[in-house]
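So the protein sequences, as listed, match chains A and B.
Take 2 as the starting number for the first sequence in this note's numbering and just add one per residue.
Take 2 as the starting number for the second sequence in this note's numbering and just add one per residue.
Just so you know, these hints were derived from the structure itself, not from any lab.
Just so you know, not all the hints are guaranteed correct.
Straight-line Cα separation of at most 30 angstroms, DSSO-like style, residue types lysine-lysine; simulated pairs [unchecked claim]: (1) K238(A) x K360(B); (2) K159(A) x K180(B); (3) K340(A) x K364(B); (4) K180(A) x K333(A); (5) K159(A) x K360(B); (6) K180(A) x K360(B); (7) K151(B) x K151(A); (8) K289(B) x K360(A); (9) K333(B) x K159(A); (10) K180(B) x K231(A); (11) K333(A) x K151(B); (12) K360(B) x K289(A); (13) K364(A) x K231(B); (14) K151(A) x K333(B); (15) K95(B) x K151(A); (16) K364(B) x K360(A); (17) K360(A) x K302(B); (18) K360(A) x K333(B); (19) K159(A) x K302(B); (20) K360(B) x K340(A); (21) K289(B) x K333(A); (22) K302(B) x K364(A); (23) K302(B) x K289(B); (24) K364(B) x K289(A); (25) K180(A) x K238(A); (26) K340(A) x K302(A).
Number of protein chains: 2
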Amino acid sequence: VLNVQSPAEVERAIQQVFGHLLTDIESVGLFASLGRMLASDIVAEQYVPGFDRSTVDGYAVWAADTFGASFATPAMLSCRDGASIGEKPQPLEKGQCQYVPTGGEIPQGADAMVMIEDVEDYGDGMKYVLRPTAPGRHIGFRGDDVSPGKCVMRAGWKIRPQDIGTLAALGIQTVAVRKKPVVGILSTGDELVDIHVSPERAQIRDVNTYTLSVGVLSSGGEPVRYGIIKDDYVFIKNAIVDALRECDIVLLSGGSSVGTLDYARQVIEALVLQYSDSKILLHGIAIKPGKPTLISSIRGKPVFGLPGHPMAAYLMYKTFVSPLIAQMMGHKEEHPTQKAILSVNIPSNNGREELAPVKLSEKAGCWTADPIMGKSGLISILSEAGGYVRIPRDQEGAMANTEITVYLL
Amino acid sequence: VLNVQSPAEVERAIQQVFGHLLTDIESVGLFASLGRMLASDIVAEQYVPGFDRSTVDGYAVWAADTFGASFATPAMLSCRDGASIGEKPQPLEKGQCQYVPTGGEIPQGADAMVMIEDVEDYGDGMKYVLRPTAPGRHIGFRGDDVSPGKCVMRAGWKIRPQDIGTLAALGIQTVAVRKKPVVGILSTGDELVDIHVSPERAQIRDVNTYTLSVGVLSSGGEPVRYGIIKDDYVFIKNAIVDALRECDIVLLSGGSSVGTLDYARQVIEALVLQYSDSKILLHGIAIKPGKPTLISSIRGKPVFGLPGHPMAAYLMYKTFVSPLIAQMMGHKEEHPTQKAILSVNIPSNNGREELAPVKLSEKAGCWTADPIMGKSGLISILSEAGGYVRIPRDQEGAMANTEITVYLL
Numbered sequence: 002v003l004n005v006q007s008p009a010e011v012e013r014a015i016q017q018v019f020g021h022l023l024t025d026i027e028s029v030g031l032f033a034s035l036g037r038m039l040a041s042d043i044v045a046e047q048y049v050p051g052f053d054r055s056t057v058d059g060y061a062v063w064a065a066d067t068f069g070a071s072f073a074t075p076a077m078l079s080c081r082d083g084a085s086i087g088e089k090p091q092p093l094e095k096g097q098c099q100y101v102p103t104g105g106e107i108p109q110g111a112d113a114m115v116m117i118e119d120v121e122d123y124g125d126g127m128k129y130v131l132r133p134t135a136p137g138r139h140i141g142f143r144g145d146d147v148s149p150g151k152c153v154m155r156a157g158w159k160i161r162p163q164d165i166g167t168l169a170a171l172g173i174q175t176v177a178v179r180k181k182p183v184v185g186i187l188s189t190g191d192e193l194v195d196i197h198v199s200p201e202r203a204q205i206r207d208v209n210t211y212t213l214s215v216g217v218l219s220s221g222g223e224p225v226r227y228g229i230i231k232d233d234y235v236f237i238k239n240a241i242v243d244a245l246r247e248c249d250i251v252l253l254s255g256g257s258s259v260g261t262l263d264y265a266r267q268v269i270e271a272l273v274l275q276y277s278d279s280k281i282l283l284h285g286i287a288i289k290p291g292k293p294t295l296i297s298s299i300r301g302k303p304v305f306g307l308p309g310h311p312m313a314a315y316l317m318y319k320t321f322v323s324p325l326i327a328q329m330m331g332h333k334e335e336h337p338t339q340k341a342i343l344s345v346n347i348p349s350n351n352g353r354e355e356l357a358p359v360k361l362s363e364k365a366g367c368w369t370a371d372p373i374m375g376k377s378g379l380i381s382i383l384s385e386a387g388g389y390v391r392i393p394r395d396q397e398g399a400m401a402n403t404e405i406t407v408y409l410l
Numbered sequence: 002v003l004n005v006q007s008p009a010e011v012e013r014a015i016q017q018v019f020g021h022l023l024t025d026i027e028s029v030g031l032f033a034s035l036g037r038m039l040a041s042d043i044v045a046e047q048y049v050p051g052f053d054r055s056t057v058d059g060y061a062v063w064a065a066d067t068f069g070a071s072f073a074t075p076a077m078l079s080c081r082d083g084a085s086i087g088e089k090p091q092p093l094e095k096g097q098c099q100y101v102p103t104g105g106e107i108p109q110g111a112d113a114m115v116m117i118e119d120v121e122d123y124g125d126g127m128k129y130v131l132r133p134t135a136p137g138r139h140i141g142f143r144g145d146d147v148s149p150g151k152c153v154m155r156a157g158w159k160i161r162p163q164d165i166g167t168l169a170a171l172g173i174q175t176v177a178v179r180k181k182p183v184v185g186i187l188s189t190g191d192e193l194v195d196i197h198v199s200p201e202r203a204q205i206r207d208v209n210t211y212t213l214s215v216g217v218l219s220s221g222g223e224p225v226r227y228g229i230i231k232d233d234y235v236f237i238k239n240a241i242v243d244a245l246r247e248c249d250i251v252l253l254s255g256g257s258s259v260g261t262l263d264y265a266r267q268v269i270e271a272l273v274l275q276y277s278d279s280k281i282l283l284h285g286i287a288i289k290p291g292k293p294t295l296i297s298s299i300r301g302k303p304v305f306g307l308p309g310h311p312m313a314a315y316l317m318y319k320t321f322v323s324p325l326i327a328q329m330m331g332h333k334e335e336h337p338t339q340k341a342i343l344s345v346n347i348p349s350n351n352g353r354e355e356l357a358p359v360k361l362s363e364k365a366g367c368w369t370a371d372p373i374m375g376k377s378g379l380i381s382i383l384s385e386a387g388g389y390v391r392i393p394r395d396q397e398g399a400m401a402n403t404e405i406t407v408y409l410l
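Same shape as in the complex, but just chain A:
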């Protein structure tokens, strides 16, 4: 068991112990695949376009027939009828032309298109081409877009609206995606009450069940809520064992008072001894806020003990749990960021990496980050925070008027 590690060490430890975890594959319809992660590469099985086709309205010709054509000396070609839809056109002979609309198939033999505005018709069954064309002009060739065997999307890719366009164009109706990791959410602490209860003195509402549940939804996982568990060894043990049976990841969060998570820690230590493929990865992270975070593996499943303070719990969730949920679907998550100018100094952080919530504002394309500090309470921070700044432990705070990277929330 390693105590109080740096965030980078924690990320490496999580990667080392849980990096192999992947959820099962399931097949979903095209509309339902939005935002899901591909379980396998999408490989084209056909040519797109499936045949050489015109990119303009005009006449298919032998390009050589039009060489030297001009307004004064047009090339005279005999015009034949086009094939009906679905009928394979006959080869075009030298000296012939055939009308082809945009998207229509180029008849065999023809090697170029002439645009309709470059052709005169005097009603004698012939077409008079006023300008030369060149081989390949105005033709989209078979397979120009995609050929069989081309990989158009990689496994692990998160499906966007335009990707559904790609899949639709390829005629793909169902997609193999990774199942959503099921994430159990437990709150412990006798001072916690559900949000419909009006808190008595010394009680506080259980905010973490809400922020963590919708956080899991946003990360693409499926939250399962176990609610508030009484601060008692047996109750907590039963709840964790239930959650381990039903979920892929378990998140516990303590209340804000001293001593919470103590039973949770004892339970986790006991379960680690009881089951194989179990260990405690770490007991603390050198990060502010978030130090009391506890990360363990029980029967190979990640179990996180998060701080009780909702902002701290949510920041730990975004920093360590959300990337793991993505990874279990085969997706490498890039935390979205925004460059911004820091409005005031953030002071030194005394040897711990600091995650400092900031308020973001934009003016004429320039972003400003205002740290939310001092006595600001929970609700003020939650409603104002647009992101957070990571200040490494070896850095003496962050200076006003410098450009910083904001991790968006």
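Once you have looked at the hints, place chain B on chain A.
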């Protein structure tokens, strides 16, 4: 009827004609409110915290009792028991102290906390304070976070996970949000086939139904799919009339061949004459791709005729329809953008604003935008585009190695 307007003029015209449209209000549970738009301000009705409370584990004191205290000359205070949870504590008298855990209520009379590590206990019922404290030290005062009447979120705000934390902390269980605008999606063009059909020659799969449906989902609207409508005046009229009855916005898209949207245009012109509160806003936009876009108001509802080419249709959707969907929920949508360095020149665009799809890549915090140009077909563009660059019509293209703004897709 104004023809071929600039994108900025189009945005103004949409704002002028549809700027007053708002969907109805509905009430949803807290978990379901993620990503929805608030219909009214969220105003606190209580103090948070509801009482003065300690931010540390320690002893509540009269600060003046500790002035001058030191390790050599500690302040001696008589320690009394704390109140039970829910019981109103008695006022603390001068010379007394009382243990208060983090989050616990400060007894009346006390005006400061002393941290537990600054107190010695020799078992004689007294506490020896080794360091002075100051009035207000380590106390979170009633209403420090929020007071009744404080607006914590404005109407129109899009609810994020941390906002659900704010609502939970305030004990709010249901939220008034704007209903999702219902958006009807119709495809016209006899060359279109549904994606489960293997296209015959000259047929193409109906991609727009898919990209526009999931685009609407992403924008927070509710898509209703009417499928492929036969290219016939009566069929199209019936479908539009149905969609107008059932939806808040109607999106039509044509096939890629010449002449498509002709019947749609005739139907729209007839409906505009037939119904009051109807007009055609414009027949074309000076934008590439997307010129054939038709925007009308029928019985006060927005009806968009979009280009047949899926990338063009989707870009027009993102540029003009998605912000309107947001606005109908009272939300001002900022299109997410990313600054990037353009990898190669984008040539001049001949008097039309151009939306140029680009591929985005990142290396060490620096983003590069590669234009997807030339013969790249539909599928290649759809799967590679991470965003698009807007090149104003009065600008001679865009230069390589300059910083540009990419509108993310």
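For this session: Taking the numbered hints from earlier one at a time, note which ones the structure violates and give those numbers from smallest to largest.
Result: Of the numbered hints, 1, 7, 8, 10, 11, 12, 13, 14, 15, 17, 19, 21, 22 and 26 do not hold.
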